[in-house]
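Novice: Residue strings, one per chain:
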Amino acid sequence: MTTVGSRSDGLADRAATCFRDYRDGDDLAMSRLVDAVTPVMWRTARGAGLDNGNAEDVVQEVWLALYRQADRIADCQAVLQWLLVSTRRRAWAEARRSAKVQPDDQPADDGPSRVAPPDNEPEATVLRSDSERTLWRHFGLLSARCQMLLKVIATGDHPDYAGLAAAMGVSVGSIGPTRGRCLAKLRASLEADRTWEGVR
Amino acid sequence: MNRVDELSDGPLDATDERILRALGDIVSASDPVPAGLTERVKFALTVEALGAQVAELLDPTPLGVRSAYDTITTVTFTGDDLTVLLALDSEHRPRRRITGWLSTPDVSVRVHGPDGEVDVQLDEDGRFEVEFSRTGLVHLVIRFTGDPHVRPVVTPPIQI
Numbered sequence: 001m002t003t004v005g006s007r008s009d010g011l012a013d014r015a016a017t018c019f020r021d022y023r024d025g026d027d028l029a030m031s032r033l034v035d036a037v038t039p040v041m042w043r044t045a046r047g048a049g050l051d052n053g054n055a056e057d058v059v060q061e062v063w064l065a066l067y068r069q070a071d072r073i074a075d076c077q078a079v080l081q082w083l084l085v086s087t088r089r090r091a092w093a094e095a096r097r098s099a100k101v102q103p104d105d106q107p108a109d110d111g112p113s114r115v116a117p118p119d120n121e122p123e124a125t126v127l128r129s130d131s132e133r134t135l136w137r138h139f140g141l142l143s144a145r146c147q148m149l150l151k152v153i154a155t156g157d158h159p160d161y162a163g164l165a166a167a168m169g170v171s172v173g174s175i176g177p178t179r180g181r182c183l184a185k186l187r188a189s190l191e192a193d194r195t196w197e198g199v200r
Numbered sequence: 001m002n003r004v005d006e007l008s009d010g011p012l013d014a015t016d017e018r019i020l021r022a023l024g025d026i027v028s029a030s031d032p033v034p035a036g037l038t039e040r041v042k043f044a045l046t047v048e049a050l051g052a053q054v055a056e057l058l059d060p061t062p063l064g065v066r067s068a069y070d071t072i073t074t075v076t077f078t079g080d081d082l083t084v085l086l087a088l089d090s091e092h093r094p095r096r097r098i099t100g101w102l103s104t105p106d107v108s109v110r111v112h113g114p115d116g117e118v119d120v121q122l123d124e125d126g127r128f129e130v131e132f133s134r135t136g137l138v139h140l141v142i143r144f145t146g147d148p149h150v151r152p153v154v155t156p157p158i159q160i
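Respectively, the protein sequence lines represent chains A and B.
Numbered continuously in UniProt numbering, the first sequence closes out at residue 200.
Numbered continuously in UniProt numbering, the second sequence closes out at residue 160.
All the given hints hold, so there is nothing to weed out.
Computed footprint of chain B on chain A; a stretch qualifies when at least three of its residues, placed anywhere within it, have a C-beta under 8 Å from a C-beta of chain B: (1) 27–36; (2) 40–48; (3) 132–141; (4) 144–153; (5) 184–190.
The following label-pair restraints were derived from C-beta to C-beta distances: (6) A:GLY53 with B:ASP59: 19 to 29 Å; (7) B:LEU57 with A:GLY53: 17 to 27 Å; (8) B:HIS92 with A:ALA93: 42 to 52 Å; (9) A:ARG128 with B:ASP13: 17 to 27 Å; (10) A:GLY53 with B:SER28: 11 to 21 Å; (11) B:HIS92 with A:GLU197: 46 to 56 Å; (12) A:ARG96 with B:ARG95: 43 to 53 Å; (13) A:TYR67 with B:PRO114: 20 to 30 Å; (14) B:GLY51 with A:ARG20: 21 to 31 Å; (15) A:GLU197 with B:GLY116: 41 to 51 Å.
To be clear, the hints were calculated from the coordinates, so they are not data collected in a lab.
Just so it is clear, CB atoms sit at the ideal spot from N, CA and C, and this is done for glycine as well.
So here's chain A without its partners, still in its complex pose:
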């Protein structure tokens, strides 16, 4: 079993290694960096409420921006954070521009989601069990910011919870990763639901 929250060989480290190799003249390293980080960036853009086409445009713009500014990024180790923060900012800007959603990027805002849900919410076929339906219902009560964060973390490398959380601007405890408020809220909400029997 993997160590929960282990940072060794997490996405942040792999991304940093690729970026360092690229800056040292390894042309193919950029390709490896794109393979490693693009899925997480796409999820981040979708989390801002963008449709598939706009999310893909934002992801491409951020990669082009990285290419143009590669020399100006002081700390290779921070490249994952740079990519995810840039994606989040551009995605929210695009979401505001299309004026379909309200920005909900403030950590203090714990209200329910104000972002329009993505157009392809899970259908009955995706939610295969009662526990999944219950989980999804409670997940839907979280703030838009928490939903986005947990979607990215849940679909990333699980051992890299700490790396991803840090890259997305969530503090990580000094003794290791803590749940943080988003996951804590989801779990408390599930615990308070008598129909919840956990997932295997």
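Once you've looked at the hints, dock chain B against the given chain A.
Specialist: Below, chain B without anything else, positioned relative to chain A:
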């Protein structure tokens, strides 16, 4: 919400892992990352890096008259100073072979395909052949050897 405060500062445990895994399964199944997204990003980076022009698809056209099951075996692209014809031979599946013709032999051609990148040799008629072990996206980067000031040409990715 004391329970939330208490949980927030606690370390991740096996229950959290199961919740995250179940959530990850739902999100991945309902909203998958689009196929070909990373290839399209790499293509955009190639075009940017080369300051290249993207060749236009000339033929086959119009796509609308073709049946959905037609396999397209030849494709033509054109740039400012160049035309490229590619013919696909997939008789020896899963291997694929592309034969290409360029309107001028005074170019260098690098093929980006499912097996990686390869520099191909053109004969005096501007013809080349390249084989791939499997399906995937292919694009060409064409540089003018005679005049380095002419912008390179990149063909849009095609699925082979």
